[in-house]
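Q: Let chain C serve as the given structure and place chains H and D on it in line with the hints.
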Amino acid sequence: MSGIKVLILGGAASGKSEFAEEMVYSLGPKWRYIASAESFDDEMRDKIKRHAERRGEGWQVIEAPLDLAPELAAEDSRPVLFDCATMWLSNHLFAGSDMATAQADLLSAIAACPAAVVTVTNEVGQGIVPDNALARQFREAQGRLNIALARQADCVVQVIAGLPNVLKGTLP
Amino acid sequence: MSGIKVLILGGAASGKSEFAEEMVYSLGPKWRYIASAESFDDEMRDKIKRHAERRGEGWQVIEAPLDLAPELAAEDSRPVLFDCATMWLSNHLFAGSDMATAQADLLSAIAACPAAVVTVTNEVGQGIVPDNALARQFREAQGRLNIALARQADCVVQVIAGLPNVLKGTLP
Amino acid sequence: MSGIKVLILGGAASGKSEFAEEMVYSLGPKWRYIASAESFDDEMRDKIKRHAERRGEGWQVIEAPLDLAPELAAEDSRPVLFDCATMWLSNHLFAGSDMATAQADLLSAIAACPAAVVTVTNEVGQGIVPDNALARQFREAQGRLNIALARQADCVVQVIAGLPNVLKGTLP
Chain C
10 MSGIKVLILG GAASGKSEFA EEMVYSLGPK WRYIASAESF DDEMRDKIKR HAERRGEGWQ
70 VIEAPLDLAP ELAAEDSRPV LFDCATMWLS NHLFAGSDMA TAQADLLSAI AACPAAVVTV
130 TNEVGQGIVP DNALARQFRE AQGRLNIALA RQADCVVQVI AGLPNVLKGT LP
Chain H
10 MSGIKVLILG GAASGKSEFA EEMVYSLGPK WRYIASAESF DDEMRDKIKR HAERRGEGWQ
70 VIEAPLDLAP ELAAEDSRPV LFDCATMWLS NHLFAGSDMA TAQADLLSAI AACPAAVVTV
130 TNEVGQGIVP DNALARQFRE AQGRLNIALA RQADCVVQVI AGLPNVLKGT LP
Chain D
10 MSGIKVLILG GAASGKSEFA EEMVYSLGPK WRYIASAESF DDEMRDKIKR HAERRGEGWQ
70 VIEAPLDLAP ELAAEDSRPV LFDCATMWLS NHLFAGSDMA TAQADLLSAI AACPAAVVTV
130 TNEVGQGIVP DNALARQFRE AQGRLNIALA RQADCVVQVI AGLPNVLKGT LP
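Protein chains in written order, with the numbering used here: chain C, 10 to 181; chain H, 10 to 181; chain D, 10 to 181.
What the hints contain is simulated information worked out from the structure, not anything from laboratory work. Any given hint might turn out to be false.
When chains are identical, the list treats them as one kind, so a pair holds in a single copy or across two.
Computed list of lysine-lysine pairs in DSBU-like fashion (alpha-carbon distance at most 35 Å, straight line) [to be verified]:
(1) K177 <-> K58
(2) K56 <-> K39
(3) K58 <-> K39
Just chain C, with the same shape it has in the complex:
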């Protein structure tokens, strides 16, 4: 038996993480937070700190910038908040990973997780075409990853100004 799989899509500062947290709260009495972000600079450190303060007690924080499989395979019924697939993608591109393999491994690990998994991801493709090739590659890779995550999710929600736009399934 496998827990519900939810994908939360949104732009920057759209309220997607807060929305995802509220959903995870409703799925169990204790929770796991899989953090993809690494503290490279002050801007990112501030953001991680703000998010952690908002969450408070009851969360186990697991840092997994590249490989989520060991954590997701655990026999643990606590719902998982995976925040976020965009940072995970960025980490892999930076590390020079084979993206097809990395993506396939991520998708399998999420699908097989016995607990509920709420994945947060960014919409990055609705602006003007970026000048530099790397940014264009990133948004292609992000778009393909989002499509794959959405395909296997039970529920997909776009968050706009903190409000849900349900694209697939029903809110748990």
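A: Frame of chain C, contents of chains H and D only:
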């Protein structure tokens, strides 16, 4: 008794202003237009002129680049079109305002307005992460402002290619 | 008698072309593909090749970077996939065309087409304001074109992570 509060969200050239105008027309026989834009350059002057020509008679235009409170507190039943919160935010950031205070004041003024208020705002967070820190700060501030405006609105509508995607409440 | 007119809107790598192809498959046993893209560089050549391989047999490919009217006027019942209006717009801006005329011609040609026409277009206005004036002009022009295409379409669908968000009409 306070009038309905509506938030209209959309990308650039999405038809959000036209949609907002049509809504305001349906809310009263005469209307107020609170303009945040200032005529810094030809591009902006052209845009303001195009919008004004489209609106025509029956509108009182109030220029309020920073502080809307006096106008919104007026005992005046004419519905207000506030176009737009993005330019207002930009004006405040440029002026070096304390944003927490400015945002709290704006939210209170809208909530307390006896007339209907239709606020137009931009979605700016669905593109690739901008290169420069100022642009990243702007989209963070815009995102947070949109979430706060949406939270207190009776009705929130995203406009895409001129078409409404209702996210909260029902169209007035 | 004129075929159904559908507009498919989406960001980069949102799955909009795949979604549009699936829709066109459901509309007839054979299909026409109107390609706006020209093979300027390797990145574009790769993309065109990938799309063509995905489509396979049963498609007639017509290259029409600027003028679709002759093809759309043909007495031919095979549904048309026009991919995409963004590249078409870019070609016209690059060619220095009069955009008002070009847009009016495109809209008339689509409206008058005896066959079903599924038009794919990009959402480019939901990121931060671009630094350069040309990019700002492009997103204005794209926004206005999308509004005009949506206004005369029977059905408008936004595609997000491969999933449809129906904005107008019902899916054929």
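Q: The structure should be examined with respect to each hint, and the outcome stated for every one.
A: We went through each hint and held it up to the structure:
For the identical chains of this complex, K177 and K58 are neighbours both inside a copy (32 Å) and across copies (31 Å), given an alpha-carbon limit of 35 Å. Within a single copy, K56 and K39 get their C-alpha atoms as close as 23 Å, which meets the 35 Å cut-off; across copies the closest is 45 Å, which misses it. Taking identical chains as interchangeable, the C-alpha atoms of K58 and K39 lie at most 35 Å apart only when both belong to the same chain, with a minimum of 20 Å there against 49 Å between chains.
Going through the hint list in order, the structure satisfies each hint without exception.
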